[in-house]
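Going line by line, the protein sequences match chains A and B. Per our numbering, the first sequence starts with residue 1, numbered consecutively. Per our numbering, the second sequence starts with residue 1, numbered consecutively.
If you are wondering where the hints come from, they were derived from the structure by calculation, not from laboratory data. Treat the hints with care, since some could be wrong.
Unchecked claim - Distance condition first, Cα-Cα at most 35 Å in a straight line; then the derived DSBU-like pairs of lysine-lysine: (1) Lys21(A) x Lys5(A); (2) Lys225(A) x Lys174(A); (3) Lys7(A) x Lys168(B); (4) Lys186(B) x Lys4(A); (5) Lys5(A) x Lys168(B); (6) Lys139(A) x Lys222(A); (7) Lys222(A) x Lys272(A); (8) Lys139(A) x Lys213(A); (9) Lys222(A) x Lys168(B); (10) Lys189(A) x Lys174(A); (11) Lys225(A) x Lys139(A); (12) Lys222(A) x Lys186(B); (13) Lys189(A) x Lys168(B); (14) Lys21(A) x Lys2(A); (15) Lys21(A) x Lys168(B); (16) Lys168(B) x Lys272(A); (17) Lys225(A) x Lys195(A); (18) Lys139(A) x Lys189(A); (19) Lys272(A) x Lys174(A); (20) Lys195(A) x Lys174(A); (21) Lys139(A) x Lys195(A); (22) Lys21(A) x Lys7(A); (23) Lys222(A) x Lys276(A); (24) Lys186(B) x Lys189(A); (25) Lys5(A) x Lys139(A); (26) Lys186(B) x Lys213(A).
Computed from a predicted model, the values in this text were never measured in an experiment.
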Amino acid sequence: MKWKKAKAIAPLYVIGALDQKTAHDVETALSSASPEQQRVFARWRDVAALLPQSLPLQTPPDYLRERLLNRIAEETQQTPIEIAVEESTMKEIAERDEKKVLPVVQPRRAESRTPRWLLIAAAALLAFTSAYLFTQSAKLARERADLSRERNSLTEELAAWRRQVDDIVSPRTKVIAMVGDETPQANAKVLWDTKEQQWVIYIFDLPAPPSDKDYQLWYVTKNAKISAAVFRTDEQGRTVLNLTLPPDALTGLAATAVTLEPRGGSPQPTGKFYLKASI
Amino acid sequence: MHLAIDTAEASERDQDLVSLVERVATGDQSALAALYDATNRFIYSLVLRVLGDTCSAEEVLIDVYTQLWRQAASYDANRGAPLAWMATIARSRAIDRLRSGWRDQQRKESLDVLGDAPANAASPEESAAASERQRLVREALNLLTPEQRRVIELAYYSGLSHSEIAEKLNQPLGTVKTRARLGMMKLREALAPLLGES
């Protein structure tokens, strides 16, 4: 666009009446205009800027002043990265506005406030931080998986305990106390589910047997002594037995007892009674 | 036709604003506060006129001064008055907001829509000076034909190009261009003392 034409449409340009392409042509012409030619446009801009002077003055709310100053104060405390990002955005806006009508030169503050070395250092710090956070994230994921497994295990254990508590308080459950004979401190509780004919026996303070011996539990009926289980206790003298009563044990069941037998158990009790209870 | 006005007052005010902008460019927050105090009502009135909505006008007002804070170093006093520079930024931001479709346009399109609103000045001196400038520019605008004023208003406050104005007013494009150009030339002549051209 020749200067003569640009000058002729300057009044339209400064009020934003030109279409985008023509305005762009004017800006191109202005970019190589002489200072005197620039002043011609500056004068027209001043005329356009007087237009709003005809408006009745409106007063903005007082809180806007405080909000503005707070924003500026916060901006001065931003990190170099935040400043660089915001100034990049503002630079784009400035370039766009300059193409419209602004008499601007290249921003100086953006260059001086964000040295290149600082941006490089910030980028390196960001990369290091990202790697560190990635490692921590993987570690946390593993710990989370472990905790999830532990939680599931505890949930299952809790459910089992709840079932046992339910069994204990159920009306169909009989509780039979076994007392020590050879070992007076030993004791046991038999929880008998009379519907399912199942026994859960908790044994306490029954000393661990010698290495060549095992304990053996017996159903004692009027006619026979039936082997129920061969077991050992731990170092605290404890164990738990889960048993299903055989049909022949249900007939005439009179007592239950624990004897100490040779390793692997015996067909019939041979040792002394360590625990016993009448049914 | 020239209007009788005091150019010394306008020149002194421009010098004060130039000093403030230069201080803002050095990162002086108190200067920004002073610049805001001196010009916020003018800028707000312009933005409000474009947007026709106080909520969006308040947001844009903050954005305008934030942009001024960041770009004060780019201001060149040899290429225009500080208030013209600020008005250009304010209009540009407001028109951008308008075009972004942020709100349904219900704005009014006449310079007179706010004509009867009370002018709230911060001080009696400022009120008097503002009222005087307002009167002078209004008198200058009254020298234009209604058609010339309409075209200028639609371009400046509504952000319409001459093609869009021609379509809106159902007038030939050439007619719209002529009205805008002649209208602006009349204004420049009438406001020459305010522009330091008398």
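To see whether the hints hold, each was checked on the structure:
no., hint, verdict
1, Lys21(A) x Lys5(A), "14 Å, holds"
2, Lys225(A) x Lys174(A), "21 Å, holds"
3, Lys7(A) x Lys168(B), "26 Å, holds"
4, Lys186(B) x Lys4(A), "20 Å, holds"
5, Lys5(A) x Lys168(B), "26 Å, holds"
6, Lys139(A) x Lys222(A), "64 Å, violated"
7, Lys222(A) x Lys272(A), "19 Å, holds"
8, Lys139(A) x Lys213(A), "49 Å, violated"
9, Lys222(A) x Lys168(B), "114 Å, violated"
10, Lys189(A) x Lys174(A), "10 Å, holds"
11, Lys225(A) x Lys139(A), "59 Å, violated"
12, Lys222(A) x Lys186(B), "130 Å, violated"
13, Lys189(A) x Lys168(B), "98 Å, violated"
14, Lys21(A) x Lys2(A), "15 Å, holds"
15, Lys21(A) x Lys168(B), "20 Å, holds"
16, Lys168(B) x Lys272(A), "115 Å, violated"
17, Lys225(A) x Lys195(A), "23 Å, holds"
18, Lys139(A) x Lys189(A), "46 Å, violated"
19, Lys272(A) x Lys174(A), "26 Å, holds"
20, Lys195(A) x Lys174(A), "10 Å, holds"
21, Lys139(A) x Lys195(A), "50 Å, violated"
22, Lys21(A) x Lys7(A), "16 Å, holds"
23, Lys222(A) x Lys276(A), "15 Å, holds"
24, Lys186(B) x Lys189(A), "112 Å, violated"
25, Lys5(A) x Lys139(A), "69 Å, violated"
26, Lys186(B) x Lys213(A), "122 Å, violated"
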